[in-house]
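Trainee: Chains as they are written, first to last, in my numbering: chain A, 1 to 293; chain B, 1 to 321; chain C, 1 to 258.
Worth flagging that the hints you see were computed from the coordinates, not collected in a lab.
A portion of the hints provided could be inaccurate.
[Claimed, not checked] Covered stretches of chain B, going by a simulated chain A footprint (3 or more residues, C-beta under 8 Å):
hint, region
1, 64–78
2, 100–106
3, 118–130
4, 153–161
5, 272–282
This one's a predicted model, so the numbers in the text were calculated from it and none came from an experiment.
We put the CB at the ideal spot given by N, CA and C, even for glycine.
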Amino acid sequence: MDLGSILQYLVSGLTVGSTYGLTALGFTIIFNATRVINFAQGEFVMLGGMLAVFFAGALNLGVFPAVLLAVSCTTLVGVCMERLTIRPVQGANVVNIIIITIGVSIFIRGVVMLFLGKDTFSLPPFFGTEALEFFGAMIIPQSIWILLITMLVLVGLRTYFNKTIFGKAMLACSFEQKAAHLVGISVDRMIMLSFAISALVGSIGGVILTPITLTSYDVGIMLGLKGFAACILGGLGNPFGAAAGGLIIGVLESFGAGFISSAYKDAFAFIILLVILFVKPSGIFGRADIERV
Amino acid sequence: MGGKQNIISLAVFIVVAAGFPWILPSEYYISILILSGITAIAVVGLNLLLGFAGQISLGHAAFFGISAYTSAILTTNYGFPVLAGIICGIFLSAIVAFLIGMPALKLKALSLAMATLGFGLIVYIFMNETITLTGGPSGFVGIPRFNIMGYDFYSDLAYYYLVASSLTVVIIISLNLINSRAGRALKAIHSSENAARVMGINVHRYKLFVFVLSAVFAALAGGLYAHYLSFVAPSAFGFHASLQLIVMAILGGMSSVWGGVIGALFLTSMPEFLRIYEELETILYGLILILCMMFMPQGLAGGLGKLAGYVSGKLFRRGLK
Amino acid sequence: MNKDAALLKCSDIYVRFGGVMALSGVSFQAEKNSISALIGPNGAGKTTLLNVITGMISQSEGSIEFKSRDLSSIAAHIRSQEGMIRTFQNLEVFAHMSVLENVMTGAHNRYKYTVLDSILKTPKYFARERQCRDAALEKLKFVGLEKERDLPALDLPYGKQRLLELARAICGDPALILLDEPAAGLNSRETRTLGEVIAAIRQDFGITVVLVEHDMELVMSISDQITVLNFGQVIAKGTPRDIQNNPEVIEAYLGSDD
Ligand SMILES: Nc1ncnc2c1ncn2[C@@H]1O[C@H](COP(=O)(O)OP(=O)(O)O)[C@@H](O)[C@H]1O
Ligand SMILES: [Mg+2]
């Protein structure tokens with residue numbers, strides 16, 4: 001177990017973990033606005049990758065225009081989802097809305113399967129293919145891109161929530177919808193915005209990972225699960241915790257694959273997750289609220 | 001208390017279930033009914049947990065699978081009689097449910113969802129990877145048909161009646177449980193855990209009880225499944241399967257035992273009918289799910305109940321005039 | 001008054017929520033067969049004290065003695081089985097059960113039978129269920145809700161949900177009942193009825209009552225003893241007459257709140 005391989009596993013863990021973290025961020029944003037876990041979140045991530053592949057290939061666009069177009073389209077899908085399936089049932093039971101999101105995820109998967117097929121696709125890396133050597137670990141440029149873009153998204157979201165009026169309004173909604181409504185914030189619009197941002201962030205997570213891990217119509221399921229795990233691990237409702245939770249799961253998995261067995265890497269990650277939940281039910285970065293009686 | 005209503009609906013169910021095979025156009029539909037019935041056993045159990053006690057399990061297919069594999073391995077590799085294999089499978093599932101439920105049921109809503117989901121995935125991964133024991137992803141073959149005291153349930157019709165009677169027993173147990181002290185305790189926990197504790201209800205113990213009971217029902221279904229198809233593979237017990245069970249419970253209608261039966265029948269048979277649309281199958285399935293939940297928030301049982309109430313109300317009023 | 005007559009005795013209770021000291025060194029007792037009121041402005045810590053007594057939250061310091069037995073770290077459901085039952089300030093009726101079922105749930109530990117009895121519908125099941133039902137009907141009649149027995153609890157108007165919680169609580173045959181603002185949201189006629197019901201609970205069933213309440217008329221008319229809390233501390237104790245004339249109480253509570 002030399003430094004080089006430890007570093008290698010760490011980097012590949014952080015790379016995949018970034019996508020988990022961005023997925024988790026998407027879950028958190030919608031959860032904060034609606035108290036609903038959006039089971040279609042993984043499909044946003046899948047759409048990011050699959051659409052980029054489609055635009056790059058079928059429309060013969062370069063990687064960058066394809067990526068931009070894919071991310072915008074997915075954001076639009078997020079908005080449509082909210083308008084067509086969530087807003088009409090406003091005030092319904094949370095459990096029912098969750099089932100609706102499951103229906104949407106199956107629907108999206110079905111559409112992608114119909115039009116883009118069941119094959120596995122790849123996307124060329126954004127810039128450069130030459131791996132860099134760093135303390136005995138080989139680091140591909142895409143890994144660096146992934147980490148950079150993830151950082152950028154995090155900083156961007158932070159600024160958005162802390163500095164802009166829309167961001168602050170969304171935060172207000174997440175604390176107390178009724179009060180937000182009373183001070184003139186349109187809760188409807190905030191919920192729509194939360195779907196847009198979740199889809200945006202999720203699709204970025206999907207598109208940056210595609211050059212490394214390939215993609216197909218069904219990758220959203222597992223990515224969604226990992227993202228959900230990440231936001232529970234980080235403490236549900238806490239965006240920073242969600243992102244950190246994603247990185248932790250990525251790294252756990254990567255070390256599990258490297259040092260234990262690649263077949264059991266997912267099992268390893270989930271076992272650790274269960275242990276953490278049983279020891280600290282509110283997640284690593286969550287605060288244990290005492291329920292008011 | 002609805003005791004009379006329960007007896008009537010139970011009688012209707014038994015008559016319909018007994019008569020069903022005779023009105024079906026082909027053998028093929030009987031096999032769909034058998035699979036629906038097996039699934040319904042698991043869903044009715046899950047509904048006790050989800051609909052009545054308000055606790056979610058996103059890993060319930062694991063109990064289904066643990067029992068299916070246990071019974072398959074014991075009967076095929078070690079020559080156990082089928083009944084003994086199924087009983088062992090149920091036992092093992094119950095023990096696993098107890099051990100996982102013990103810490104997990106202390107968690108609230110979404111953390112509980114995550115814990116059970118994680119548990120289900122871990123079991124699924126082991127089913128895939130312990131190839132020498134389970135056959136891995138390609139599955140485990142050559143499982144004997146269900147037989148008891150020398151009688152083989154070879155014909156689908158015989159197997160159908162086996163499944164239908166098991167389902168009936170499960171329904172009766174569930175109905176009786178709900179109309180009792182324990183049933184009230186479960187519903188109380190669903191409404192308000194604090195108030196339930198104040199009434200002297202041991203919340204954790206009741207949650208654990210219903211969790212294990214629902215695992216036992218899922219395990220019974222798993223055993224019946226393995227010894228019907230004579231083949232099991234992990235893909236039937238993964239996250240998708242767990243989700244499917246949940247969706248059936250909710251879509252069917254969580255507030256009654258019958259919801260589970262209706263949901264299982266509807267969602268197990270629907271893909272068979274959608275199959276003619278081939279490529280569109282998944283899309284239509286998703287669409288139906290969305291529309292049902294948007295327009296029938298009480299589930300199919302709720303919708304049917306309303307319809308029945310409306311019709312009988314009409315008839316009754318007309319009768320009075 | 002001899003010392004053994006105290007049914008409930010809390011000594012020196014401390015509770016902290018993050019930076020807020022909700023209770024600091026509160027002692028409180030309720031004599032057998034008395035009605036003891038607990039008053040104080042909003043946020044004084046009354047609900048928190050009930051939570052500690054009934055085991056919904058645990059205190060960081062202090063002890064709780066009930067029937068001369070130390071219950072300081074005993075689980076809530078066991079305290080209930082020992083005979084202390086409460087109602088909630090923010091109603092906690094079992095919304096999706098019928099009114100009758102709510103009250104029957106209150107008798108959870110009074111008419112026991114096993115799960116097997118219920119699955120097999122043994123004679124014991126029928127016998128106990130009938131007893132439980134009869135007891136529940138009697139309590140419903142007592143609070144005047146017998147007509148609503150088959151309605152879902154959710155469909156009851158607010159005031160009747162309060163009565164339902166009361167019926168549910170006494171159906172468990174407790175020695176002590178703790179009521180958290182039972183008159184909140186009731187009109188004056190309903191409040192008078194409630195006063196009569198509470199007095200009758202002590203009279204007819206011999207149940208000791210701890211009453212948290214803002215309605216001074218109600219408190220003054222039925223309590224034997226009053227304890228006043230402010231900022232998590234006891235600032236006065238005494239009979240209704242003592243309290244009415246206590247200047248500190250008037251300043252802290254009566255003067256500022258009403
Ligand atoms: N679960 C809780 N978490 C944090 N603070 C709480 C909690 N419950 C009560 N408090 C605080 O403790 C203090 C006492 O509250 P409470 O007992 O509800 O007062 P009362 O019932 O007298 O109106 C208040 O300052 C309240 O904000
Ligand atoms: Mg209070």
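Trainee: Go through the numbered hints given earlier and state which of them the structure violates, listing their numbers in rising order.
Mentor: Going through the list in order, the structure violates hints 1, 4 and respects the others.
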